[in-house]
Amino acid sequence: MNEADLSRLADLAVVVGANVQPGQIVGVTAELGHEEIARAIAASAYERGAKFVDVWYIDPLLKRARIEFAPSDTLEYVPPWYGKRILSLGDQRGANIVTRGLTVPNALEGLDPQRAGRDQLPRVKETSVIVNERTVNWTIVAYPTVPWARLCYPGLEVDAALARLWEEVKHVSRLDEPDPLEAWEQRIDQLERAASALNDADLDAVHFEGEGTDLTIGLLPTSIWRMARWETADGVRHLPNVPTEEVFTSPDPERAEGRVRSTKPLVLSDGTMVTGLEVRFEGGRAVEITADEGAEVLRGRTEIDDGGARLGEVALVDGESRIGQLGTVFYETLLDENAASHIALGAGFTFSVESAEDRARTNQSATHIDFMIGDNDVDVTGLRRDGERVPLLRGGVWQIAAVPAA
Amino acid sequence: MTPPALTEQLAELAVGIGANVQPGQIVSISAEIDLQEVVREVAARAYRRGAKFVDVTYYDPGVKRARIQHASPDTLEFVPPWYGRRVFELGESHSARVVITAPPDPQAFDGLDPDRLGRDQLPALSEWMEVLSDRTVNWTIIPYPTVPWARLVHPELDEDDAFDRLCRDIVHVCRLDEPDPTSAWRQRSAELADVGNRLNALDLDAIHFEGPGTDLRIGLLPSSSWIGAVSWTVDGLEHLPNVPTEEVFTTPDPERADGRVRSTKPLVLVDGSLVRGLEVRFEGGRAVEIDAEQGAEVLRARVARDGGASRLGEVALVDRESRIGQLGTVFYETLLDENATSHVAFGSAYEEAVSEEDVPRVNKSGTHIDFMVGGDDVDVTGITRGGERVPLLRDGAWQV
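Note that the protein sequences, when read in sequence, are chains L and D. Numbering of the first sequence is given in the working numbering, commencing with residue 1 and proceeding in unit increments. Numbering of the second sequence is given in the working numbering, commencing with residue 1 and proceeding in unit increments.
In isolation and in its complexed conformation, chain L is listed as follows:
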C-alpha cells in the first residue's frame, strides 16, 4: 500500500461510491485496523465539502469480550442511540461509507455459537429503514488488510500477499483504469441493459440447476430487476457496492422450493466462516441448513425473527464479472457475491418491487445474509408467467437477446 493507492481508494469511495455532496454529513463505519483508510476517506469527503465526517469504529474483539462474558439475557440488547444515529443520518440526508476488510481472523473462535448468534452488532436494524427510504447515498468498499491478504493467499509471504490483494482489489474496483469513474459508467450501462431485458421477460420465477442445486424461487408480480446504481429520494446517484457486477430483485418470501448448494464460502458480519453450506427450502422457508463449518452460527442468525429464514434477494451475475474472472475466493461477501449469482436470507428491498401491495409482501427481517449459489456450471432459467422457460445464464453467459456480451 502507498499513499497514492490509499487516496485513490478513498476518492473511489467518496466520489464513485457514495457520491458525497457538499454540505452532507458522512458516516464512516470502519473496523479497528482500518484507521488509515478512514482518515483518507475523511480527508477526501471534507475536500468535497462534507459538513462532518462521523467515523464509527467497530472492534471484533470487543464483540468477543461481550459474547464471552456478558450476562446471557443481555446479548440481544442494543442501546437505542445506535439506531437513532442511523435514523438521524437519514433525516439529515447524509451519506454513509462502509469499509470492508478482515481485521481479526476467527474473532469468535471457540465461543458458544448460540450466544454469538444473538449479538447482531455491528449490524443495526435501523439500517434497513434508511436503505428502503433511500434517504442516504451510501457505499461499501473493499480495503486490503494483512489478515485478509493472508486468508486469500495462504501460500504467499505476508508482504507479497498484501501487495497481491491490493492489485486485485484495484483491478476489481477498476482503479487500474485511467478514469475509474468512466469505467464504472460503462459497466453500469451493461448491467442496466441486463436488468431491463429481465424486466421485459415478465418472469414469475427463477430456476437454479447445478450440482447439489435444484431451486425454484418465485417472484412477486411486480418484482423489478435492478442493477447496482441507485438514486436517493433526492436524486443523488450512488453505487451501494464498489465493486458491483450484479442484477437483483426481491423475491416472493413464500415461494422457494428445493435445495441449493453454496458455491463459495461465506463470512458472516462477525467473522464466522460458513463453508459447504446447503439449504433446503419449503414454501419459501429454509427448513434445513447444513454446512461443513459454521452451520450453527448461521442457524442462530436465521432464527432471529420470522423473516430470517426466508429470502429477501435473488441476484444474477454473469461470467464477465472481473471478480468471477480472477477466480480468487476473497472470503468477503462484497467481492464474492459479485463473482457469482447469489441469494440472501433476511430483509428484502421494498424499492425493488413496484406495487404497494407487493412492497408489503417483501421479506421483513433484521438480518440480511448473502450467499453464493452460481457459477459457470449452474444454469439459471427464467419461468415466464405464461409457463415458458427462458434460459438466462448458461456457462456463465447471458442468454437473453438484449444483453450483448461484455
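Hints in this document: simulated from the structure, not taken from any laboratory. Just to be clear, a hint being listed does not mean it is correct.
Said to hold, decoys possible - A few chain D residues that face chain L, going by a derived Cβ cut-off under 8 Å, partial list only: (1) Q36; (2) A43; (3) G50; (4) V54; (5) V63; (6) H70; (7) W82; (8) R305.
Unchecked claim - Computed beta-carbon distance windows for the label pairs: (9) L:S355 to D:D113: 50 to 58 Å; (10) L:R237 to D:D113: 33 to 41 Å; (11) D:A304 to L:R237: 37 to 45 Å; (12) L:G235 to D:G284: 39 to 47 Å; (13) L:P80 to D:P3: 34 to 42 Å.
Just so it is clear, CB atoms sit at the ideal spot from N, CA and C, and this is done for glycine as well.
Position chain D relative to chain L; hints supplied.
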C-alpha cells in the same frame, strides 16, 4: 507493549473502586484509538461484573486532523446532534462511565492553523458536563501508559527506558504497588475527606494564592464546601472520579476572582494542543487577559466559546504529600498533573459542592479546563468570613 498485568490492574481499578460498575448498567468507555488493549480489558471486566452493554467511543486524532486541514471553515463548530443525544441517554439510563486517558500525541496537529483547531471542540462534549453534574452517572478517569506519552515525559531516555519509567510512575501514583490497591485508595480517600472537613470548619469566604507571578484571590459561594476524592451519584453509588486523586476541591463564586496567576505546569488540552507559560489576569471573576509562550490562541478560542468558559468553575488544593507531586515529573496530562499541585479550572462547576440555593450561581459552561497554579513556592491562604487570614498551604504542606 504495556505489561499485561498492568493493563489488568488498571482495568480492575477502573471498573472497581473507580467507576464502581453495577450489574445491569450500561458502561460507556471513551478512549483514544491507540488504547484498544485496555479498552477491551475494561469491557471484559465490566461484562464480568454484569454490565448490560459496553458502549465504546473511540477518538481518532487522525480523523480530526483531516477535518481541521480540509473542512470548510464554517463547519468546524458543527457536531452532529446524535453525539449529544447519546450522552444524555447514557445519563437517563444511569450508566457507568470510564474514561481512559493518555495525552494525545503533541505532534498530531503540527502545522495546523490554531484558530481552526480552536473551533473544533471534539472530542469534548458539553453534554457530559451537564450529565456529570446531574450525578446520574458513576464515573472515573484513569491513565494508561503509551510510548508517545513516555517520550514526551522522559525525552532524555531511550524509548524502552522511557516507557518502563512511565509504567513504574503510573504503578506508583495509582498505588498499584500497594499490597491491596483498593484499600489503599479507600484510606487515601478518607484522608482527603478529613482535610475537606477541616477546611469546611474554617468557614472561608475566599482563597488567596501568592507566589512568583501569582497574586490571585478567588471568592467562594456562601455554601461552597470542600470535597475530597469520593463522589456519590443520585442513586447513592460511591465512585472515584479520578484515579489517581490527591485533591480537595470546591466550586467558587464565578463573579469573584481578581488578580494575576501564573501556571506552574504545562497544560495539554483535550485535543492534544500544548499550552506553556500560561498567565491569566482576572477581573470580577472573568479572565480578561490570557498570555502564554505557546498555545495561547487555542486556549483563548476555548475560553471564548461561551459566557462561562472564561470564569472559574473549580478551585482545588493539593498538598506536597501527593505521590504525583513527589515524583516531580511533568506528565503533560491533566489527570496526573492536576493531582500534583493546586489548580483552578475555567468552565463548568460541580454542583455537588454547593447547596441548593447556590446552584443557580455556580459557573455554567460547555467546557472545563484545569490548569495548575500551585507549588512549594506558592502560598495558599484562606480568608474567613470574619476577614481573618488563615494559612492553608505553606511550602506545599497543610497548615490546617
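Broken hints, by number: 8 and 12
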